[in-house]
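One letter stands for each residue in the lines below.
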Amino acid sequence: MNFEQPFFDLLGSALGLLLTLLVFSYLLGDHFLVRLIFYGYIGLMAGFSVVIAFNSVIYPQLVQPLIDNPITGWIQIAAPLFLCGLLLFKLSSRFSRLGNLSLAFLVGVGLAALIGGAIQGTLMPQLSAVISPFDLERSAMVAEGRLSGVVQGFLILFGTVTTLTYFHFGARPRASGLARRLEWIETLSWIGQIFIAIALGLIFAGLLKAGFVALVERIQTLVNFVITLLGGF
Amino acid sequence: METQRCPMCGRPNPPELEVCQYCQARLKPLWTEPSGGSSAAIEAGIMKSKPALEPEEPLLPDWLIASRGERTGEEPAQPEEQEEEAFLLPQEEVEIDNFLGELFSDKLPEGKDEDVPEWLQALRGEKTAEPQRSPLSESGEQGEPLPFWLGLGTGETEEAHAESAPAEEKVSPFTESPFEGIDFDSDLLFLGDEKPAEKEAQADFQPSISPFEGVEPFLLEEDQILPESPLPIEEKTALPAEKPAPLPGEGDWMRKTPPWLEALPGMEWGEGETQGKEIPPEFLQGVVPPFVETDEALSEAEFPEWLSQVESSIEPELEAVIGTLTPPTIETLSEPEEAESIPKEAAEIVPQEAVPIEVGGPLHGLRGVLPAEPLVAEQKKPSKALSELLVTDKQRAQAELFLRLIEEEGKPKPILASKRAKPHTLWRALIFVVLAAAAIIGYLLPPISAAPQELSVGVFDAMQAVTQLPAQAPVLLIVDIEGRDFAEMQATTAAMLDQMMIKGAFFVLVSANQNGALQADRLLREVSRLNGHNYQPSVGWVNLGYLPGGVAGMQAFAQSLTEVMPTTIDGEAAWQSDRLKNIRTLADFNLVMLITEDSTRARQWLEQLKGRVPVSRLVFAVSAQVEPILRPYYEANPRQVQSVLAGIRDGAIYETQAARRGWAMQLWDAYTVVVMTGITLIFIGSLVYALLALLGRRKAQAEREGQ
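Protein chains in written order, with my numbering: chain A, 1 to 233; chain B, 1001 to 1707.
Since the hints were derived computationally from the structure, they do not count as laboratory data.
Don't take every hint at face value.
To be verified - One side only, chain B facing chain A, incomplete, derived with CB under 7 Å: (1) Pro1414; (2) Leu1426; (3) Ala1429; (4) Gln1514; (5) Gln1608; (6) Ser1623; (7) Ala1624; (8) Gln1625.
Unchecked claim - Footprint (simulated), chain A over chain B, 3 or more residues, beta carbon under 8 Å: (9) 1431-1438; (10) 1487-1493; (11) 1596-1604; (12) 1664-1670; (13) 1674-1688.
What the hints assert, rightly or not - Where chain B lies over chain A, by a calculated footprint (3+ residues, C-beta under 8 Å): (14) 50-62; (15) 199-208; (16) 212-226.
Even glycine gets a Cβ: it sits at the ideal position worked out from N, Cα and C.
For reference, chain B alone in the conformation it holds in the complex (with noise of 0.2 Å):
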């Protein structure tokens, strides 16, 4: 497999790639520089290239393009390129340039006639038909003519040189250049060797592609002019291998400069000069390309029909390897189109500082050469390091995961169906059944438990608070209870509201919610239902109702409390009776006593009681969820309020305490049985809870250890 080698880090690549796939750098240029070293000495002087190439030049022989250009009716790019060198050259080298061409006209010796093929030798019969020969081809008609250089590896005289170099030039029949076919760094080397075989098939060489073909002038400074040899060709190709004694005549040929010559403008070189500046020979300046006349010739000629064949089969692959090789820059440019549009100032020459000269690879030094593309290319062989990319493996997670994330995020998810938490009913069934089978043994079976005996602080607080209280003394209640913790609140305060009844208190019922009020009224009801009391509305006690304003109403009261509450549920004026003339604040009652369930409403009327009432006769009857945040207030020293009864348990303390079987005692049986029994079920319950998550951990355990 063909490869292609970069000219920069030199690694092999595959031919179809135009950048090298290690360093990126152009492996096909954008502009091609002719071919053949000796091109450059034959261009020398020429101080502007040509703008671009026509695609096909560097591939295709001159008469295949002068012969398609006859087939399309097109003509040649030759007049274009005659007229655009004559634009290039100076006058004076046009002349020089019609003086050479004729004299390299085209002599073809009649002796080679059997080493050319048949259409050749029509081609030169008619070339020969219409003569324009040089007086100097005439003298090389009389004997077997040699090349010139094979006269200078046998030593022959200028004479003899002078006859023979008419003689080279019919080695190739399609150029009028004497060099046509020519390998001048490596073949000529050879030319004093004694070897027939390479001999003979120079003789025999019929090169078919000059090796100037597609070379077109360019711009070259003057300082790489021949920058490899200082010598001119002709003197380098004068090195035999046995270094043979110079021709007499040869410094003079080459070096005297014709009188015709030295008139011309800036011809005035002197020979320092001359060598200093490594000047090509006077006969070879301004010579141009032989293409040029060769094309001229091609065009004119008629090709044998097996050649015509040959051209029609090969020009559709000849097309398709152009298109496939020819950068496409240079077919952008060689639209004569945008030829045209290159303006005149960018076809200036460009300085020689503003060229730039190669730093690295093969062409290292040459100005003017292929943009080292600095930017891209880098002059030194990249690590390998840089042509992988650094991941982490974190990065590289983070990328799985996020690769992941969004395939996820595409891919459509089914709505699972919630699975709504089922409510327990049987369980929640059984528990009432269970709870209610015991309320109900507990309420008809004889008392499992005896009353509590235990005389708790509070209740002793409480008991010595009513204890001190005067016969018939005012006693503010503050109800603020709800219809369902009632038969709570009932309990708690029984036997209290039982023993201030004995002492025959009136009271005044205020409630801070809407529901207290009638909530008072029906608890002095039931008690003195219960008791055997006659204790009636305004007989007994007063209800003020419903207290409006929350905190702040809590506070007015305490203040003033005749204003804000001046009557009564049914309208009446509440302090006008007679047991109510002589109160006018909150410290004119005997007893202040709080019923509620609500922790938030006990704070509250605490903070707002505090400091209004005495603290002895402060007592709270509240429920026992409420007994938790109150028991600070009581238990602080010094305490905020004198008595606390909390829940049915304190209420049947007191019913125990002053002997009297109230409500307290008479759910206190059931009470206790549905509290063991609560107790019981709650106990079960966790037991239950905790076996199934250990079972549940062992069998996952158990499919942890299978897997």
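Chain A on its own, in the form it takes in the complex (with noise of 0.2 Å):
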């Protein structure tokens, strides 16, 4: 059969449109349709997840070592390769502490690189960022400005330490038996929760915003179906 690609694009925008209208139909109520989309489509997200591991990873870093070079192969995968070997030891339960050494390898990089890179990336600069308002000199060297450089500052410093008090949690024990924060620590938790609030206000906005855009392409896509179907008809 030779089929032309107009009508693989037809037959994937219809089997889009009927999935979507499924998925839509979900705010009617739960039915077993949408159940099915949904487990197909984490058995798809599954199954695609091992077939990007094994093509990504597990071929080419490997099998692909041990084809090319069986000898230098071994020798550059007998690390990860027994690393692998343990973690398989977590199959059972009798053995299962011999995979603990692959996950405290695991957990070990990982939090050691979450770590510096948070350090490097995020803990520095923003404190930096926080503090070099009021640096006269670089603040000159803007073009804006140093009375709008400082100001700001005091905006961005004031905002930092007040959503950061709102956190601090520490009280000390009254005589009443009630654990309260001192009234200025009260005070400035209370202005931070203004920003906080601004804050989280922005980040739902960009949820729907996202949200939005995703329902009018998604509505496009339905509308474009169909009048490519009346234009065709």
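If you follow the hints, you should be able to join the two separate chains into one complex; please do so.
What follows is the structure in structure tokens.
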């Protein structure tokens, strides 16, 4: 059979339209077809992940070196293969402890990379960014002017301090038995809530915008498909 | 209603109580002291008390006990008492008892027959049939006999008194004691008074119960003998109201010790010692309680029929009363087995110092009386506050709460049907319909809003980075997006990718998630198709595929990308092509662009790329929801990223500034309508909920006011 490209496009669009409508039908309630689509999607993603893992990791990193050069390949993959073998013991409850070595290696390396990157890429630069507006020499070099830079720096510092104060939960017990924070901490915490609310509102607005874009794209796809069908007939 | 007063606090109590309801002091003593102060004098010298009392003894007359013994076939307790007293008394005193018993034997005056009942006369006849009379009694039969105490009042001589003394013994036919029926404490004090009625009453007095009834020998300390009156009873009774002259022979009769008595051991007292030690008259020392002989006499007597009937009729009642009134401790001690089980050591004489002295109440100062129960009975009147439980309001409230909790715990509670929140299906469908209609209207109708013209700083910096790209420059695209956000990311990056395609950039695609590689390939295909480019894989881009390892993989890729990702997703050597042969590190790329909708992934990439890529070559194209997270990295001083394109708005601006109608502008019109519709729905929904809450509050307030 010789299928032309527009036919596949039309078939794909029809399938996409059908799946989209079925997913939209979830708004009217849960039903078998929706669950079928969800389960199919989950299975598809799991299979795709296995394929990607094998195609992108296992084969090129484990099999290909042995095919290309078995001697050097064994030397290259010995340590990773040993750790992977230990991970297989996790399938057995009796020998699962043997897999802890591989997990310890993964957790240790992952946390080290995460913490190191956070300190270098987030913590220190952001602290510097909060302090830097009060560097008058640097502010003078900025074209926006010194005063605006200082005011902006005060706002950033104030928002940062009040927001961090909100997450300070240390309190001393009082005679009444209740544990409350100090009054000035409570005040700063209340102001920090305003900044947090603004930030959360901004994030929520971003979520809405992303959702609206997705909705509009799906609606346009449906409309285009219908227009295409109507135009074809 | 009869009441009994507490000896400790003096308050009245119901008669059936054994302990005071106010001070908890015992009302009914465990050990009943023999009545009559004279008994103490009679029992003087007896240094050992009877360990227990028969329950009937304090209440029943001895003749009734004797008759009961006859009917039941039991021997009265008299022999045992005699044996016990014989055991208790010295041999010399026993002999004195025998002597005095003969001296005060029953001698009935004949002239008194009309004053006694018939059965008593018959009884007397039997007794007189067997004369056991002393020589003194015989002289009394000559004339009209008078009690000896009557003779005291009339000033008779010693001889007359000696004759009247046996006559006195005939006052009570049930006893052989000369003091039977006489209250020495009160009655005899009026002997000298001219009260015919009382004299007649005395003459007609026929005591059915002897004042010595139930008296048992008990231990008395020497200092307790006649504690109130140092004089002998005879002297006390001889105190007339007109204080007559003492009888000439009285002192001799009372104080003279017979020769036979002087010969007894232990009788070497002198007069001074006798007075100082307050001993009773010699003739009373060691006197055996008269009821002993009386019981013996009654046991041998025959009672009239009517008395037997009366006895049989009242016997159950008496037993009931005895059972009620007799303290249980006495009953317990009266058991013969237990009485015998008392060790002899415990029955020994208790030292005087060991006997406590009563320090309160009517028995104050006495030793060896009722146990004071110092721990129970307070020496003072208890305060009213102590008798009431002090409970504060808080404690009462807590107690009530506790009781209520306990009661509620015991009650079964029906399981309430959980009100499951029903999905607002209709509302959700309605909102979807409105938004979908807005999207359709915005897409089909002519644009109702102009394209965004304002150039933002992020878009400007992104355009500067693209403008500075050389022709056919290698560009690294890190695409970490999922399928759900593909439309937004495509709208955001389409114009920028279009500009790079115009410059002939060669793209290297990599992704840190499994879907990213395919999404990146799709993205380039769509942009190329929409903008008319002829970009194909291997010609326009290479896809390195999935980068495993998470953050560690990012770090390894940033350090040595060629070693970590040596091949493409198709398995070909990625870095062997002519356009990529000069690439060894990230800094060799002319531009590194991160496309993601995940804020965490964006931050991780930013952290790992820091220092590996020049900031001027690092551009982020992110979703609108990630912009607040990445904005500090961009607006920091110094910047950590060259530019941040966020959402469809920045994509539309980029297209507008680039004079290209791309994917963002196709969605923009419908997007603006949907956003406005969404804002309207949010506002309306908030207003509706606010009104409902206000109405609900007013309704609740109205209900409260109505109540």
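Practice task
Apply the coverage criterion to the region 1487-1493 of chain B and chain A: a residue qualifies when its Cβ sits closer than 8 Å to a Cβ of the chain, and three qualifying residues are needed.
Solution key: That given contact holds, which follows from 3 residues of the region 1487-1493 of chain B lying within Cβ reach (below 8 Å) of chain A.
Problem - Agreement of hint leucine 1426(B) with chain A interface, Cβ distance less than 7 Å - result: Violated: closest Cβ of chain A sits about 9 Å from leucine 1426(B), beyond 7 Å.
Problem - Restraint satisfaction for alanine 1429(B) [CB to CB of chain A, less than 7 Å] - result: Holds - the Cβ of alanine 1429(B) comes within 7 Å of chain A, reaching about 5 Å at its closest.
Exercise for the section: Establish whether the coverage given for the region 1674-1688 of chain B by chain A is satisfied; the threshold is a Cβ-Cβ distance below 8 Å, and no fewer than three residues must meet it. Expected result: It holds, with 3 qualifying residues against the three required.
Problem - Coverage of the region 1596-1604 of chain B by chain A (three or more Cβ within 8 Å) - result: holds (count 3)
Practice task
May I ask you to test the interface hint for alanine 1624(B) with respect to chain A, counting a Cβ-Cβ separation under 7 Å as satisfied?
Solution key: holds, 4 Å
Handout entry: Hint status (Cβ of serine 1623(B) to nearest Cβ of chain A, threshold 7 Å)
Key = holds, 5 Å
Practice task
Please count how many residues of the region 1664-1670 of chain B have a CB within 8 Å of a CB from chain A and say whether that reaches 3.
Solution key: It holds, with 3 qualifying residues against the three required.
Handout entry: Whether chain A covers the region 1431-1438 of chain B (at least 3 residues having a Cβ closer than 8 Å to its Cβ atoms)
Key = Holds: 3 residues of the region 1431-1438 of chain B have a Cβ under 8 Å from chain A.
Practice task
Let me know if the C-beta of glutamine 1514(B) comes in closer than 7 Å to any C-beta of chain A, holds or violated.
Solution key: holds, 5 Å
Handout entry: Evaluation of the interface hint that places proline 1414(B) against chain A, nearest CB under 7 Å
Key = Cβ of proline 1414(B) sits 30 Å from chain A, so the hint is violated.
Exercise for the section: Take the region 212-226 of chain A, compare each residue's beta carbon with every beta carbon of chain B, and decide whether three or more fall closer than 8 Å. Expected result: This one holds; 10 residues, not fewer than the three required, reach chain B with a Cβ under 8 Å.
Consistency with the previously given hints fails for numbers 1, 2, ordered from lowest to highest.
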